[in-house]
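Going line by line, the protein sequences match chains A and B.
For the first sequence, counting from 1, position 337 maps to 675 in our numbering; every step adds exactly one.
For the second sequence, counting from 1, position 116 maps to 117 in our numbering; every step adds exactly one.
I should point out that these hints are in silico values taken from the structure, not numbers from a laboratory.
Each hint should be verified, as a subset may be incorrect.
To be verified - List time: in silico BS3-like cross-link candidates among lysine-lysine, alpha-carbon distance up to 30 Å:
(1) A:Lys411 - A:Lys348
(2) A:Lys434 - A:Lys703
(3) B:Lys189 - A:Lys652
(4) B:Lys189 - A:Lys666
(5) A:Lys434 - A:Lys528
(6) A:Lys528 - A:Lys652
(7) A:Lys500 - A:Lys348
(8) A:Lys500 - B:Lys189
(9) B:Lys189 - A:Lys382
(10) A:Lys384 - A:Lys502
(11) A:Lys348 - A:Lys589
(12) A:Lys652 - A:Lys666
(13) A:Lys589 - A:Lys411
(14) B:Lys127 - A:Lys384
(15) B:Lys189 - A:Lys348
(16) A:Lys502 - B:Lys127
(17) A:Lys528 - B:Lys189
(18) A:Lys384 - A:Lys348
(19) A:Lys434 - B:Lys189
(20) A:Lys434 - A:Lys589
(21) A:Lys528 - A:Lys382
(22) A:Lys384 - A:Lys434
(23) A:Lys502 - B:Lys189
(24) A:Lys700 - A:Lys666
(25) A:Lys411 - A:Lys434
(26) A:Lys589 - B:Lys189
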Amino acid sequence: MGSPQTMLDKLWAAHEVLQREDCVSLMWVDRHLVHEGSHHAFAKIKERGLPVAEPELTFAVVDHYAPTRGRSKIADPQIARMIDTLRGNAQAHDLKMYDLSDPRQGIVHVVGPEEGITLPGLLINCGDSHTSTHGAFGALAFGVGATEVAHVLATQTVWQRKPKAMRITVEGALGAGVTAKDIALSWIAKLGTDGAQGHAVEYAGSCIRDLSMEGRMTLCNLSIEGGARFGMIAPDETTLAYLEGRRFTPKGAAWQAACADWITLASDQTAAFDREVTLDAAEIAPTVTWGTSPEQALPINAAIPDPDQVPPAKADAARAALEYMGLKAGQRLEGTPVDQVFIGSCTNGRIEDLRAAAAVLKGRKARIPGLISPGSSQVKAQAEAEGLDRVFTEAGLEWAASGCSMCVGMNGDLVADGRRCASSTNRNFRGRQGRGARTHLMSPAMVAAAAVTGVLTDVRPLLARRAA
Amino acid sequence: MMAGWNVHNGTAVSLPQANVDTDQLIPARFMSVPRSEGYGPYLLHDLRRDDGGGLRPDFLLNTCPEASVIVSRRNFGSGSSREAAVYALVDAGIRAVIAPSFGDIFAANAVNNGLLPAEVDEDTCKALEAGLENGPCDIRIDVGARRLTLGAMSATFVLDDSWAIKLINGWDDIDLTRNHGVAIAVFKHIRSQTAPWAWPAAAD
Ligand code: SF4
C-alpha cells in the first residue's frame, strides 16, 4: 500500500506521461473541446503544417458566437465568419462538430457532459476557463490559453505543474431556495477571487453529496472565479446515474468495468490536503453580487458595504465598483431596481436551473424584460417538453436558442450601457455583458424573483407563498 | 515563435487597480480579429477610451505610449482564458507586468508569448506604485536574477524556474514535446489497455 492519495493525486498519476527535472509534467489529454474562439490555435498549427494529433478525441462546438435569435440567416458578417472558420477547421481536421443546426448543439460545458464526452477519470482541456465544470464528474478538467490549445491539438498533451490540493467541505443541508450557486458565491466572497489560486479544489461533505449533477457542475464551474483552475467532486451513484446510456459513454460490460474504476477515484480517507476550508450549508443564504468582481457578493438581506469599512486592500476596488454599479454604501441590496434579467450560460443554463426559475415564474408576470437562453439545444427541447418555455413566455420573458449569449455578449446579446441586469451567469466584470452594463450574479431562482418584482428580491418568501 | 529575453530596460507605468481581469484587458467584441492585424489598439479599450473611441487623457497608460512595463495590483489577468488579453499587451509593446498575484491561466499564457508576469509582495508593489506616482519611470528587469530596478529602488520578484527558462530561451513547447513522441505513443498504448473507457464509445 502506498501513502494515502487525494483524487487529484490519482488523476494526476493516471495522466502523467513524464515529468521534467523542474517538476513540470507532460500530461495526456483524453478529451479536447474546441469552439469558435479556438481560431488562433488552429492558425498556429496551420502555420507549422501540423495535423490534429487525435481527431477522435477532439470535439468542436459552436457556442460563443451562436446567434440565439434568427439563426438561419446570420446578419453580422463577423459572427458568420467566426462560425465558418470553426466549420472549416473541423472539416479540415475531420473533427466531430456540433454545428448550429445540430439538435445537440449547445454550450461546450453543457454539451460535453450531456453527450457523455465528459467522463470520470478523464483529463479534459478546452480553451475556456470554465472547463473546471467537467471536474464535477471526477475528471481533471482545466482551461488553457490559445498557445496551449495549439499544443494539445498538435500533440494531445499539455505541460502542467501539479497544483496544490485544497478541499472545501460543505456539511449539512441547504435551505429552501438556496442553491449550488449560493455555495460558490459564498466561498468566493469569503476567500476572494484569488483565494484558491494555484490550487485544485475538491468539494466534499454531505451537502455536496446531496447535490444533483447540475448543482455540482455549477459549483465546479465557478471554481475559476475563486482562482482555482480545477474544481472536482468524487464520482458516486449520482454521477453514474447521470452518465449511463449517454451517447459516448461506454456500454454493456465496458460500462461496468468503467464504473468499477471510477469509484476508486475518490480521495483516500486519510489523504492530506494542502488547504482545508469548511462551510456550514445552513448558514448559506441566497447570495447576490453587488460589485464588479465575484468576490463582491453578499446575502440578499445584507447592506452594501462602506468602502471605508472594508479592509484597506479592498477599499479602492469597492469604491470603484460602487461607482461603476451606480450603488451607494449602506444601501440595502434587496429592493435595488433592475432593468432586465438573463437566465442561461454554462454556469446555470441546465434543465434544473430552468425548472427552478419556472417554479418562481409560473402564473406570475415579469415586470421587466428578460432573455432565457437554455444551455443546450437538448435542454431547450426538454424544457419545451415540460412546458417551461410557456411559463417563461407567459410571464413576458423571451425564450431563445442556446449559446453563450448574454454571458459574454459575443453573439450580440448585450446589456446596454448603464442598464442593470440580474443574471444567472458567472462574471460581473466591468463590461462583461456589454460596455457599461451593470451585472448582478445570482441563482436562476433569484433571477426569476427579480423578474417578478423588478427589484433585487429574496426568492424565499415567493417560494414559501407557493408552498402555503 | 518569440525571441527569448533576459534583461529589459524600459519604461514602467502604474495601473493602480486590483482584479484587472481579461475582459478589461480586451473586451470580447474585439476577439474575432485575426492576430496579424495587431491587438494593441484594443488593450484596456473601455478604460482607456471614451465612447467615441478617443484616448482618455486622464488614463495613465495613455500619457506614456512608450510604456513597456505595467505595475498593477493583486489578481491581474483573472477571469477568462482568452490569450487575446496577452496579445493586446504584447502588441502594445508591454514586456512585463508586475503585480502581487496573477490569474493562473493568464500567467501561463503570458509566458507562452514572451510576456513576464513578475510577482512581487504587496509592500514592494506599493513602493513601486509610489515611485511611479509622478509619472512613468525607467525600469530595468533581469529575469535570470529575478531582480527589478526602478530609480533608486531595487527589488526581487518571483517567477517559476521553468517559466524563467522558457522566457529567456524563447522556447516553443510544441517542438520540445515532439521530441517526446515515443514516450507519448507508449503512454497512449498503455492507457488504451488499462483504461479503455477513456476513448469515446461508438455513438449510436
Ligand atoms: S457561457 Fe459564458 S462562461 Fe460559459 S463558456 Fe460561454 S462565455 Fe464562457
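Tested hints:
no. : hint                : result
1   : A:Lys411 - A:Lys348 : 48 Å, violated
2   : A:Lys434 - A:Lys703 : 42 Å, violated
3   : B:Lys189 - A:Lys652 : 48 Å, violated
4   : B:Lys189 - A:Lys666 : 57 Å, violated
5   : A:Lys434 - A:Lys528 : 41 Å, violated
6   : A:Lys528 - A:Lys652 : 13 Å, holds
7   : A:Lys500 - A:Lys348 : 12 Å, holds
8   : A:Lys500 - B:Lys189 : 20 Å, holds
9   : B:Lys189 - A:Lys382 : 24 Å, holds
10  : A:Lys384 - A:Lys502 : 35 Å, violated
11  : A:Lys348 - A:Lys589 : 24 Å, holds
12  : A:Lys652 - A:Lys666 : 16 Å, holds
13  : A:Lys589 - A:Lys411 : 39 Å, violated
14  : B:Lys127 - A:Lys384 : 44 Å, violated
15  : B:Lys189 - A:Lys348 : 17 Å, holds
16  : A:Lys502 - B:Lys127 : 28 Å, holds
17  : A:Lys528 - B:Lys189 : 42 Å, violated
18  : A:Lys384 - A:Lys348 : 35 Å, violated
19  : A:Lys434 - B:Lys189 : 21 Å, holds
20  : A:Lys434 - A:Lys589 : 20 Å, holds
21  : A:Lys528 - A:Lys382 : 40 Å, violated
22  : A:Lys384 - A:Lys434 : 19 Å, holds
23  : A:Lys502 - B:Lys189 : 26 Å, holds
24  : A:Lys700 - A:Lys666 : 33 Å, violated
25  : A:Lys411 - A:Lys434 : 23 Å, holds
26  : A:Lys589 - B:Lys189 : 22 Å, holds
The structure shown violates the earlier hints numbered 1, 2, 3, 4, 5, 10, 13, 14, 17, 18, 21, 24.
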